[in-house]
Amino acid sequence: MNKKFVLGIYDDEDVLLTAIENIRAAGTKIYDVFSPYPVHGIDDVLGIKRSRLPIVAFFCGLFGTSFALWMQIWMLGFDWPMIIGGKPHISLPAFIPVTFELTVLCAAFGMVITFFIVSKLKPSLRVNVFDKRSTDDKFVMAIEVKEGVTDLSALNNLLRTNGAIEVNEKEVVK
Amino acid sequence: MTEERLIISRKTNNKFFLMIAIGVVLLIAGIIFMAAGGVADHGEGHGEAAAAGHEAASWTKRLFVNLWLNNVYFTGIAIVGLFFVAVQYVAYAGWSVLIKRIPEALSYYLPIGAGVMLFVFFLGGHDIFHWTHDYLYNQYLEDGVTPNPQYDPIIAGKAGYLNTPFFLIRMVIFFALWILFFNWLRRNSINEDINGGTSYYHKSIRISAMFLVVFGISSSIAAWDWVLSIDTHWFSTMFAWYVFASWFVSGLAATTLTVIILKQNGYLKMVNANHLHDLGKFVFAFSIFWTYVWFSQFMLIWYANIPEESIYFIERLSGNNGKYTWIFFFNLLINFAFPFLVLMTRDAKRQMIMLKIVTIAILIGHWFDFYLMMMPGTMRGDAGLGFIEIGTALIFLGVFLITFTKGLTKASLVPVNHPFLEESVHHHV
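For the record, the sequence lines run as chains A and B. The first sequence begins at 1 in this note's numbering and counts up one residue at a time. The second sequence begins at 1 in this note's numbering and counts up one residue at a time.
Treat the hints loosely; a few may be bogus.
Said to hold, decoys possible - If you anchor each label on the Cβ, the simulated ranges turn out as follows:
no., chain 1, residue 1, chain 2, residue 2, range
1, A, Lys3, B, Arg5, 38 to 48 Å
2, B, Met352, A, Asp14, 47 to 57 Å
3, B, Val425, A, Arg50, 20 to 30 Å
4, B, Lys406, A, Thr28, 52 to 62 Å
5, B, Ile194, A, Arg50, 55 to 65 Å
6, B, Lys15, A, Asp32, 54 to 64 Å
7, A, Lys87, B, Lys15, 49 to 59 Å
8, A, Asp14, B, Leu212, 51 to 61 Å
9, B, Asn265, A, Ser51, 27 to 37 Å
10, A, Val15, B, Ile194, 30 to 40 Å
11, A, Thr28, B, Ile194, 43 to 53 Å
What the hints assert, rightly or not - On the chain B side, residues computed to face chain A include the following (Cβ under 10 Å):
no., residue
12, Val293
13, Phe295
14, Met344
Simulated from the structure, these hints should not be mistaken for laboratory data. Even for Gly, the Cβ is constructed at its ideal location relative to N, Cα and C.
Produce the complete structure using the sequences and hints provided.
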């Protein structure tokens, strides 16, 4: 299915931020904004909610801690008890470094893998680039056109009055 | 950018004086209790001690150790203020400009710290430091033939470094350098407010870089001298880091707490959740760093289990009739587990209430950390946690707050001509 987008091209960060605010205030839904570099405060004006990835990291870390402790206590305490340095079989201080490392490893890997899955990043991923200049020196704001609902000329006006230097239309194959 | 002057009302100042007055009353009450019978503060005390063949510690000893403990703790916070500002300069940091006057003012305690430290060492040096006793160093008694039963070959072997003149020279040099660098950096900072321009900034970076080298060496040696040498036989290569970590996280907590209190009283209008977030991250990170150093020191000694090393932890864990056991674990709980779990989320670091609770806990916790470093080596089983401890701590806190707030009022809270001020105002994380 083809989707049609209106692209507003901006060349100034501050103009872009106010434009996003005004356009959202006018009731238009913004599909996405593409920028050559991270813009401070753009998440807030676009109304993007904070990522829940830290929660994943916490539970992955918790898993790492419990797994490491369980592994060492079971292996060295029950499955194959060994006397090392005259210490008791289960001696917590000796387990702490491994526990720490596994906590960090599980939290980091868990977070990265979850991020890949949630954002559908996989080798076969194809990404539509709306306007190649968004990788160079322009900001591109994409607004989805709904057949029969969106008033194209009004949208064009809205974008231009809010500082867009160009307004283009683009059709993308989904 | 507008100036912001802090005004400390007479009422607030009176509160600080009241704090000192309460401290003095508690201290005197504690001393009277102890001199009169000694049972009030340290439970099992006398009978047992006499039976074990040694005299229970006198109240003067306890007082001197307490003075030393609090002075090392507050001097640490004071010098960390300067250290923090220096790090910010050298790192070309922009975010911290709005709050930099607060750590800067912490260092106003340094001259008092120097005075108290010299004073306590002259009066109570023998009570705090075992190595200051001359008899330890003579292999033979006065006749030159009879072996001296009190001769301590280990301590005598350290005499080249651990002797009173050299100890005093080091102490005086460190304080002189710290105060010199503090005045230098502070004068630059205030002149920048008046005259503007970037030349002060560049000069401050050079001063800071020099200070960091000085601080790296002097803070380590100070930790060995003022804290480690209490347990003269014992040694640990991690110790300088350990004391530094404790000082640094306390200094950061003091800075953060002051920022919050000033903000709640209507000052620091341009400081927002983003600055608090960064301060919170500092507190969070360095309480973990402290734990890391603590554990590194503990685990190596625990694993090797060499008597001359592990005695230090035995004294604190099970020795001295288990007197320090609860503090040993409380130390880890309040300085690691509590800040780690509470400050983990982003929201907790951006809310004043959470940060306030955690920084107060850390400040109390690291006082206990120093208590645990100093008491077992000096007071042994006779250490207490009563009127004398609370009274002394209150007196020092009051004096510290008076000098600190007076320092804060001496200049605008906002460094109006700092070249990175604008960046700090728009700081966003």
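**Non-conforming hints, listed in increasing numerical order** = Numbers 1, 2, 5, 8 and 12, in rising order.
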